[in-house]
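With the sequences and hints as input, model every part of the structure.
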Amino acid sequence: MKKWSVIMALCISVNSFGQAWKDSVDTFRKNYQAAFLKEERSPLKQADLGYLRFYEPDSLYQIEGIFKPSTDKKVLMFPTSSGQQKEYTKYGEISFELKGKKLQLNVYRSLSLMRIPLYKDYLFIPLKDVTSGKETYGGGRYLDAKMGDIQAGKIRLDFNKLYNPYCAFSEGFSCPIPPKENHLPIAIEAGEKNFAKPKD
2 MKKWSVIMAL CISVNSFGQA WKDSVDTFRK NYQAAFLKEE RSPLKQADLG
52 YLRFYEPDSL YQIEGIFKPS TDKKVLMFPT SSGQQKEYTK YGEISFELKG
102 KKLQLNVYRS LSLMRIPLYK DYLFIPLKDV TSGKETYGGG RYLDAKMGDI
152 QAGKIRLDFN KLYNPYCAFS EGFSCPIPPK ENHLPIAIEA GEKNFAKPKD
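Here this note's numbering = 1-based position in the sequence shown + 1.
These are computed hints drawn from the structure, not numbers from a lab.
Don't be surprised by glycine CBs; every beta carbon is placed ideally from N, CA and C.
A few of these clues could be false.
Claimed, not checked - Simulated restraints, written as ranges between beta carbons of each label pair:
#, residue 1, residue 2, range
1, Q152, E41, 32 to 38 Å
2, W22, G84, 35 to 41 Å
3, D73, G139, 28 to 34 Å
4, E40, P70, 30 to 36 Å
5, K39, K147, 18 to 24 Å
6, P118, E40, 18 to 24 Å
7, Y123, F55, 19 to 25 Å
Said to hold, decoys possible - Straight line, CA to CA, 20 Å or less: simulated PhoX-like cross-link-like pairs of lysine-lysine:
#, residue 1, residue 2
8, K194, K23
9, K46, K198
10, K155, K102
11, K74, K194
12, K23, K69
13, K87, K74
Right under this line is the structure:
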């Protein structure tokens, strides 16, 4: 009887964790959509939100990576969709395994955001993958993190929270283009898909 109770408790624990994770993805997406209506220069209005598309949440794309801090603090000039350049520094590298492949992503900090107290611990992970230009925006997608997410040399990433830059919705924005170092040789079928609104 005790053994059965332990098994039941484990099942309930796993199910609860799974539901909590799905709830976190759902909350992220709701907040993401709500932010468009609060931002003064937002490319989307209320009527546009129905054209946002996402992959179904998949726990496969929630990974734990090994974080290696960068010792090179030189300023990097990122090209953008508008032809301008934005200043970043490389904060470190994340090594992880997904779909049987060993992968790596560089993590960056924006020099302009570092000066704003609210975003001083903000980490930027721009990337492209095999879905880019097909099911997802060709200019790449973004993933956010914070310094506090790094614990004991490890960091958890959830690719279900990948989102499109403003350039995916409208022209007139200056969106950083993911560097070649962050082009992944696999399909990340998670996060935001192409914007579905027909062009005028």
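Verify the CB-CB distance for K39 and K147 against the hinted window 18 to 24 Å. holds, 20 Å
Indicate whether the distance between the beta carbons of P118 and E40 respects the range 18 to 24 Å. Roughly 19 Å apart at Cβ, these two residues keep to the hinted range, so it holds.
For K155 and K102, compute the direct alpha-carbon distance and say whether it is at most 20 Å. holds, 18 Å
I want to verify a distance hint. Is the separation of the beta carbons of Y123 and F55 within 19 to 25 Å? Hint holds: Cβ distance 23 Å, inside 19 to 25 Å.
Is the straight-line distance between the alpha-carbon of K74 and that of K194 20 Å or less? violated, 33 Å
Does the hinted range 30 to 36 Å hold for E40 and P70 at CB? holds, 32 Å
Range agreement (Cβ of E41 with Cβ of Q152, hint 32 to 38 Å): holds, 35 Å
Given the range 35 to 41 Å, decide if the beta-carbon distance of W22 to G84 lies inside it. 40 Å Cβ-Cβ, so the 35 to 41 Å window holds.
Given the hint that K23 pairs with K69, test it: the Cα-Cα distance must not exceed 20 Å. This hinted pair is violated, its Cα atoms lying about 29 Å apart.
Agreement of K46 and K198 with the hint, judged by alpha carbon distance not exceeding 20 Å: Judged against 20 Å, a Cα distance of about 12 Å means the pair holds.
Range hint compliance [Cβ, D73 to G139, 28 to 34 Å]: holds, 29 Å
Given the hint that K87 pairs with K74, test it: the Cα-Cα distance must not exceed 20 Å. Judged against 20 Å, a Cα distance of about 15 Å means the pair holds.
Hint compliance for this structure: hints 11 and 12 are broken, all remaining hints hold.
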